[in-house]
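Chemist: Here is what each chain is made of, one letter per residue.
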Amino acid sequence: MIPEIGHFALILALGIAFVQVLMPLLGWRRRDPRLLAIGGSAAQGQFFCVFIGYACLTYSFIAKDFSVAYVAENAHSQLPLGYRITAVWGAHEGSLLLWTFMLSGWTFAVSIFNRRLPADLGALVLAVLGAISIGFLLFLLLTSNPFARLFPVPAEGHDLNPLLQDPGLAIHPPTLYMGYVGFSVAFAFAIAALITGKLDAAWARWTRPWTTTAWMFLTIGITLGSWWAYNELGWGGWWFWDPVENASFMPWLAGTALIHSLAVTEKRGILKSWTVLLAILSFSLSLLGTFLVRSGVLVSVHAFATDPARGLFILVFMAIVVGGALAIYAWRAPKLAVDIEMRLFSREGFLLLNNVFLVVACGAILLGTLYPMVLDTLKLKKLSVGPPYFNVVFLPLIAPLFALVGVASVVPWKRGRWSESWPRLKIALAITVVVAIAVPFALYSRATLLALTGGLLGTWAIVTAVQDVLRRIKAKPKFLAGVASVSRGVWGMTFAHVGLGVWAFGVSFVISYGFEQDVRLAPKAEATIGNYNFAFQGVLENQGPNYTAQQGSVTVSRDGKLVADLHPQKRFYPSQRNVLTESAVDAGLLRDLYVSLGEGFDDGSWSLRVYVKPMVRLIWLGGVLMFIGGGLAASDRRYRLARATERSAVTNGALPA
Amino acid sequence: MRFAIPLVVLVGLLALFVVGLQHDPRELPSPLIGKAAPAFDLPVIAFPKAEIPPTRMTTADLKGKPKLVNFFASWCAGCQVEHPFLMQLRVSGQAELVGVDYKDADKDVRAWLAQRGNPYTPILADLDGKVGIDWGVYGVPETFVLDGNGVIIYKQIGPMTAEAWETKIKPLLGKAS
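As you go down the protein sequences, you meet chains A and B in turn. Per this note's numbering, the very first residue in the first sequence carries number 1; after that it's consecutive. Per this note's numbering, the very first residue in the second sequence carries number 1001; after that it's consecutive.
Worth flagging that the hints you see were computed from the coordinates, not collected in a lab. We treat Cβ as the ideally placed atom computed from N, Cα and C, and that holds for glycine. Honestly, I wouldn't trust all of these hints.
[To be verified] Covered, in the sense of this in silico footprint (three residues per stretch, anywhere, with C-beta under 8 Å from a C-beta of chain B), are these stretches of chain A:
no.: 1; region: 323-331
no.: 2; region: 364-374
[Unchecked claim] Here are the in silico distance ranges between beta carbons for each label pair:
no.: 3; chain 1: B; residue 1: T1058; chain 2: A; residue 2: N578; range: 26 to 36 Å
no.: 4; chain 1: B; residue 1: D1108; chain 2: A; residue 2: S635; range: 52 to 62 Å
no.: 5; chain 1: B; residue 1: D1108; chain 2: A; residue 2: L141; range: 51 to 61 Å
no.: 6; chain 1: A; residue 1: V434; chain 2: B; residue 2: L1032; range: 39 to 49 Å
So here's chain B without its partners, still in its complex pose (with noise of 0.2 Å):
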């Protein structure tokens, strides 16, 4: 009989294992849900043309209306797939829409709306990276969901998806307003 213990040991590992595999890696909770938005105070990137000197916007431009924060880059591939997504959620008016350009230059974030259309109402430009870091962003594209008071309430990582908005977003925006 003990030379079946192993075999019994592995049954269990196992198990664990098959439960294991059927959560997301990517799932990691943001320690920063449920609270403000860290403070900012970013150049906006006046589109179709450049103004000098470029305004400003803070954080506190953020309050009133819930709104989706969207780190993207002309350069990320995930940003291109998420773009008809965050298109139709502008044109349907459904939500605001906070673009910040993560490690990027101004033109060639122009470039790159031009060509596709710009969901964003403002377009904010990090292009350090700093306050990627102050949100916790560790790879574009990523969605902040802020509710009415700025605090944030859901973050997407990865593309937008419509079954992200309908079955996580919505109902939490729902709950907010």
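Next up, chain A with everything else stripped away, as it sits in the complex (with noise of 0.2 Å):
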């Protein structure tokens, strides 16, 4: 009965997404305001319905009703209640539902939010979420309805793939997803514009909060991934080039140059058709990410889902979406866009030039993630690209960013001077070349050149970022009233651009400084690798939920004196006859001692893979840095002010609303 409810409440929302697409549309057509308004509320009903049937889904789950054929492909009875209910979005059916849930979700809080935007906008920003939902629902209900019924009932489940037992992974597609289906809404006020005409300087304000929200759960979801498949793969590596991460981490560049974009906009009223465009090009690399990871036209390890009906529909839908909003590019834009004259060295120069390297390496990822695709469609051959491509392609393309990222922060709007710039520049240059040559050679006693440039560009950024901050609370005659005069987007800037620098330091320290080997040892044997000294004890039988699990005791010591006791474990599941390794960590700001588990000898010996892995914490600090960041200038003071005094004005010039 529930999974019937769940399915019929899609089929309800489906019918209210029709209606808020086409009664804003023919209210804006025919100046109606009445028929504007119910964008609003067909939208909140339309997450109403959606919530319904996500509800039941994960009420399936919970009650383990194995006769929902999702259900049985992806539970067990074993299976511990909290990943029950992330099992919800561990396989194809369940994460477009998730899709459809969070964009039904993001559509409510535009409808209660956006009350300020003039009617009209308001109206078909909602019609074009609205349009999305319609494609997803429809997705949903013809190809992947997660409430099919299984005959005859199975008496057990065929469980939750093991490797997405792990808390890491049971979040990191929500915020990925939450990012992804974020875009959309900056999606919609793009298009919304261009319908409208109205591309101004409040539209990029109203855009802005909304796309760095969205920017901020993508950036937390990446971090959440790397983290995770370096916890789980057992390979020890923290980014691997893989089309599926790199289907995430293209929209994340496209929506960096876009939040920056954005910036430029609101301040000079410039840029506007590349703001749009970035716009367009982030919620398309959004649902190419998407279409990737479903369609199975790449072949990777993610790819679980490989569906070519399920491939057709996203490419037929990603036309129309993509397609379709380009035409209305091509045919807006001209009439919209001004040209106004722009200096290179001024702020908003610099912020082009970020746009331009970041949109590059964007399209150079999709080229490498494309490629092997393309030579596979003209029947040349099959392969995949490997890291060695976008290291040397990506690497040369980022480190400039960091450059333009410290010589910007002093630069102003409209008009700069390098001889007023240079001496703000220099200190900051200074305390940089002095950090980056002491740092590796304190804590290393030798450098490398990955690390000298690694360590130059981190301190560059965060040392100009910090000094900009100071610079401004200096303005200030007393601190404190400095440091409360800082907005929050300043403030967000700041921990975003330090949370770079972070992130440069750890990567280039970890690939520079760190050790990994593969050892096989005896029980009570040892091996010494850096500075650590690693004794294997020996292997014991161990017994999970779902699961048993080969554990083995590793203990680490440096000059004598115990560092930390590691288990590594290797897991049988066997409702799926998988094997899993789990590594295990020891964890510091410095240094990270990684073990895993390999293959067992009959002699009684372990063939182990040990790793010492410098700063590697780094790389994600910088990450969670960032999203801080974002989640700072999402909620800076004046979006709100804004807001409240629009109202007013709508208030009182009792304009129909």
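Make one complex out of these two single chains by using the hints.
Modeler: If you want it as structure tokens, here you go:
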């Protein structure tokens, strides 16, 4: 009964979504505020229905209702409750339902917070979001119904993919999706602005908090995914340039460019058509990400869902959404764009440069991701493009970004002068050079080219960001008053740029000073890697809730002092006959000790993979700082202030809302 | 005009996607095709009753006639799907099937075959899946087609189907013999 209610709620949601698209459009044509207002109610009704659907599927998982095919595929009677709830998005159907649920959630939020918008613009934003909803609901109902029943009812479920039974991966997809889906709001704003012709600084200000929020979720989603891969896959890596990772990284790069370009549009009223194009691009890449993961056009470890019929649906859907958007762009943008003279040596000039580097980096990754598919399509050969390509192409493209981040912070809007900016950069440059040389020698008593480069770029980003915020604080006579006077937007920028610098440190140091070694050890034998001594104590059997594990015990010491006691596991999940490595990590800010268990040999010895990873935590700390920065920037007071003043203006002027 | 450039790029990309979708992502070429079957030495699972000690079989025993080497297991769903067709091949005498029981207990596979019939002569036990690794098996069922010299000429990933047999394997075997 419950699954049928869920199914019905989704059908109802589809009907409401049609209303959400058609009524505002009609209202816009007829200039009828009553029809426009229907958009908001429809958005809220649709959200309610999708929520019911989502709740019903979750209930079926909690109740272990194996008569629902999707539940039988992805749950097991022994699966703990927490993972039964997260198993809802453990495979194709459920993760699409989650996508749709989040989309309706974002739409709901837009309908609540955007009462201050001009009525036609607000209603059209909801109409565009409704159109995307229609696509996803149709996709769910026609090709991937999560509520399909199974008969005869199996006595036992097939269980959740063991790879997904990890807290990191349990929350990674929802955050990532929040980011992907969030860009739909920026997209809807862009389309609505193109249609109504209200493409101005106010439009940029309305779009900014939404975009920043989406970017913030995408940032933390990617960070979590990287952290999960490091912990769970047992290879000790944090980024693999896997197509699915690239699929989430491309919208991030485009979204980062969008955030900066929106800042220019808001402050100076220029780069409008470029900003709109970036908004379309960010969401298109989000859709592409969904498409790449869900259709199987690319062969990748992640792509567990491979079904060409579904792929074709997404393709047609994407062609309509992106093609339609770009057609509207080609038609309307020439009328709206204005050419104003812009100087390169100005804040907006540097932001535009930053955009160019970000977009080119994004394009390079797109090329590397799609190139194998193109070759295959042309029947040339099957291959996959590996990390060497991406490292060679990507690193030179992002290095200039770090230099730009620092310089842009001291250059004023409109027109800058080198003679005025240079004195402000001198000190930062001196500090940067000293720190970047001192840190590697102080910690590791040797320097590599990569560590020096990464250190220089990272320190430069951090020092200039801190300097910028200090300058703003010092503009006030008292320190505390100065701190209070700095807006959240500026704090957000500072956090994000410091995060970028911290990330650069992590990446370059872990590559330069990391050790990794595969060793074969008998019980009670030892191996020395780096400055650490790893003593293998042996392996014991261990019983988990839905798996059995062989648990190794390794004690790590340095200079005779015990540092850590590590317990890497090899888990066997009988329900799926899957063996999974669960590596053990002793985490620290300056270094991680990482052990994963390999194969056991007949003589009782085991192969172990041992890593010493200096500063690897900084990579994720950088992501977390950017996440916090995004949160601060999105909640900046002036967005709320603008909202309040506009609302009072609306009430005073007694405009039809 | 420059505002239409993104649209043109998109159309090109979509065209590529359309063609890309026609390809089966599971169709991964095996690097072993055209090479001699990787060496193994495995115990034979006697059917219907166990023999102690079991006899063993090696790669050399595969030579002579063309053979299908089918990796299967009693716990695998796809193997149930292909099983009736394998029985048909056996009964009609069109092919000799060597079964490799992959990561499975002997008694489970005996029960499984007793229920459904045994298409294999003989059945080998790859208890820990190590031979599967040498052969590049990444999931059961997979079927390797060997010519009379023990060289792999085709690999079927997933259940064996009448279609694959008629359109791909039969012509290859015709050429080989």
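Chemist: With reference to the structure, classify each hint as holding or not holding.
Modeler: Hint-by-hint comparison with the structure:
For the region 323-331 of chain A, the proposed coverage by chain B is satisfied: 5 residues have a C-beta within less than 8 Å of a C-beta in that chain, meeting the threshold of three. Chain B is given as covering the region 364-374 of chain A, and this holds because 3 residues of the stretch bring a CB closer than 8 Å to a CB of that chain, at least three being needed. A hinted range of 26 to 36 Å holds for the C-beta pair B:T1058 and A:N578, which are about 30 Å apart. For B:D1108 and A:S635, the Cβ-Cβ distance of about 59 Å falls inside the hinted range of 52 to 62 Å, so the restraint holds.
Remark: the range hint 51 to 61 Å for B:D1108 to A:L141 is contradicted by a beta-carbon distance near 40 Å. A C-beta distance of roughly 57 Å is found between A:V434 and B:L1032, which places it outside the suggested range of 39 to 49 Å.
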